[in-house]
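So the protein sequences, as listed, match chains A and B. Each residue of the first sequence is one higher than the one before, counting from 89 in this note's numbering. Each residue of the second sequence is one higher than the one before, counting from 15 in this note's numbering.
If you are wondering where the hints come from, they were derived from the structure by calculation, not from laboratory data. All C-beta atoms in this analysis are idealised placements derived from N, C-alpha and C, irrespective of residue type, glycine included. Treat each hint with caution, since some may be false.
[Stated by the list, open to error] Covered stretches of chain A, as calculated for chain B (at least 3 residues, CB under 8 Å):
#1 119-125
#2 249-258
#3 284-298
#4 360-373
#5 394-408
#6 416-426
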Amino acid sequence: MKALRKYLDKIKPNFEEGGKLHWLYSTYDAFETFLFVPNTTSRSGVHIHDARDSKRTMIVVIIALLPALLVGMYNVGLQHYMSLGLEASLLTKFIYGFLAVLPQIVVSYVVGLGIEFAIAQVRKEEVAEGFLVTGILIPMIVPVDTPLWMIAVATAFAVIFAKEVFGGTGYNIFNVALITRAFLFFSYPSKMSGDQVWVRTADTFGMGKGTVIDAYSGATPLGQIATTDAASFGEFTFQGITGQPLSISDMFFGFIPGSVGEVSTFAILLGALLLIATGVGSWKTMLSVFLGGLVSVLLVNLFAQNAIMEMPVHYHFLLGGFAFGAVFMATDPVTSARTEKGKWIYGFLIGMLAITIRVFNPGYPEGMMLAILFMNAFAPLIDFYVIDGNIKRRMKRAAVAKTGQQQ
Amino acid sequence: MANRIKIKKGLQIPLLGTAEETVRGTVKSEFVRICPEDFHGITPKLAVRVDDTVKAGTALFYEKNHPDMRFASPVSGVVTAIERGEKRRILHIVVKADDSTQYEDFGAKEVASLSGEEVKRTILDAGIWFLIKQRPYDVVALPDKEPRDIFVTGFDSAPLAPSYDFLLKEKEADFQAGLDALAKLTPGKVYLSVSNKTSFNGLREAKNVVITEFEGPHPAGNVGVQINHIKPVNRGEVVWTLNAPDVAIIGRLFNKGVVDLTRTVALTGSEVKQTGYYNMVIGTELKSIFAQNVTEGISLRFISGNPLTGRKIDANGELRAYDSQVTVIPEGDDVHEAFGWASFSPKRYSAGATYFSHRKNYRLDARLMGGPRAIIVSNEYDKVFPMDIYPEQLIKAIIAFNIDKMEQLGIYEVAPEDFALCEFVDTSKLELQRIVRAGLDLLRKEME
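Build out the structure end to end from the sequences listed, making use of the hints.
Here you go:
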């Protein structure tokens, strides 16, 4: 490490004011602070600082995402080999999935971080860490067969128009990863929904070649129930891609078709535990999303007319992006409500809206993305009313004091 | 029995280097240096010239807009230099101290027999009015506006802070006289706050005041927090604030008739070899207590005050006007820590749970431990801000220069020190105290 430090110190003058490579200062700084804690000391105010910084916060979120990502990768392989009717070891399945998802992660990071670095350089600011999380979220919430160029275009769009035009990390109104997904969803609907995109049937780098078996159907469970002819939920069974019935444990551990990150509720809960234990994610937001979901599902069940309206609440929580959205998307502190009371309202409404979209809008079998984006827009309004309560209390107190004085 | 208020939000930062409760002696330096900058909100006009002879209590300078607000010399001697900075701003007034201090005689007075106006006049004439501060704006109190109430904090909860019980030992009479004097200055009440750990009878059984007992972590000892819980400041109101040792200095003026700006000062911090208490007047050069008594071979930060709100001084620096504490910590600019974001080093301290907590007390240096960012994490400030105010939103209103919003969100109730813990825990490493100071100054300029 000492040699590296020496090397950095040697090349640093090139990047400083007047150096040949000054136009790359933000880039240099990003790498230097990645390797070494900056040794700038406080100039004003407090003389000591908490060891937690933005990098620490983001790394915790990334670690929290890893279980869902790893199980998701395994599931990509599992679904692939099932669709071909081939036997494969656990490791083979994982490697297949890893190789299928890795290019998406690389593309999303290269495009997103490239733009972030360039803009930080133009603004003469330090590179913010926000995209480290966004970059891994993006491949986790799109179908595994999304073409790489689409991911590149959508990521670029989202980073520039959903984040940088507002001022960068910390100033964006909408969750950047969800904007990426929304962009894909509305621009290339054929690659983002339907029966063909959720299972990767083609080979990856020559691995897992074969032909798809006859009984194959790649619809997600939510897609199945949205389009079913069954008159009631009792007559309906969720089916896996080879027509086998799906058990609750398949849904909980994530052996169902779906986006990479969202399938395993178990892995998502592990991430949620880490986020809550470290205080990085708000348990209030998470809990209130589930509460909102629960209340609206119970309401819908009460007036049920068809299979999806009858679907019990645990299916709602296990299927689709509900849990993933509640744990990793709704809790994004920048786009969420920022007051504690506001978080309860914000989360609750996300849960309600997501279920409402799922149940009543046949065009969108999944409602989580739109629910969160919609509430992103309303988060400032929620905060406004929460804070207004505080302001009104203060004004009232002042008015009382004033009349008290006059008497 | 006193009212009890329990404070839950806040943080007691576990630092190494608490001062041992022993007085190690009296420190006298050849020169005493007074910085007018310590007295926020005033414009100094010199009352002395170089080579003038002064006594302890003679005015060195006065406030431009209130010529009767004088600032006393803490020692007798000869003015040897007026150090100036940019735009001829006065940085220091240097007095070469006599061997034995000659005091200006203001005459001992019985507080009970004085009127409010006489009390005020006495304190102003003696040049120690600066001990009284006011909210809003957290500046030296303006003598011409009568305060709604006066708040005195009877304990300091800041990291490594000295115990007021210890500082006030054997000063019961002065302290009580000071409280009696303050009671004459307001039509309202004098509120004294004590901690649940306060055992000193001079504080616990003070007369002529309303005593409130606070329990909880820092910033429970901040007078702003106490006001917010007892009787918040509204727009248009003024309250005055003091801390207990300063009340004793005012009391001494009435009891003895002299200006004795001697403080008992705690020498604290992880880099001090032998901690303890020293008696010294404000402005005393501190090099003699640092010499051979601090860690050698690393770069150090010397602070007059506590590590949260103190001022950075150098090894030859002096005790600043409001401080009863001097702290020495590592500077940290010679440290290169690899992969800090992935570290589980037991040396790192965080109030949050992204690190394991290892030890009882930590040796923290002055590094920011990260780069400045936009405000990202929410509910971070709130956890260490025990007032009925939204700190993050107030900070944002100040950054946006939105005066209406600042007022609505309660800027009149706060001082920069109230945001010190927010600044400590801030993941985005923003200079919150500086922002709040700028906001208060802006508002004051607009309003007055």
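Verification of the supplied hints:
1. Counting residues of the segment 119-125 of chain A whose CB falls under 8 Å from any CB of chain B gives 5; the rule of at least 3 is met.
2. Chain B is given as covering the segment 249-258 of chain A, and this holds because 4 residues of the stretch bring a CB closer than 8 Å to a CB of that chain, at least three being needed.
3. With a threshold of 8 Å between beta carbons, the proposed coverage of the segment 284-298 of chain A by chain B is violated, since 0 of its residues qualify and at least three are required.
4. Only residues whose C-beta sits within less than 8 Å of a C-beta in chain B count toward coverage, and the segment 360-373 of chain A has 5 of them, enough to reach three; the restraint holds.
5. Closer than 8 Å: that is the beta-carbon criterion, and the segment 394-408 of chain A has 0 residues meeting it against chain B, so the requirement of 3 is violated.
6. Beta-carbon proximity to chain B at under 8 Å applies to 4 residues in the segment 416-426 of chain A; the threshold of 3 is reached and the given coverage holds.
Hint check: violations occur at hints 3 and 5; the rest are consistent with the structure.
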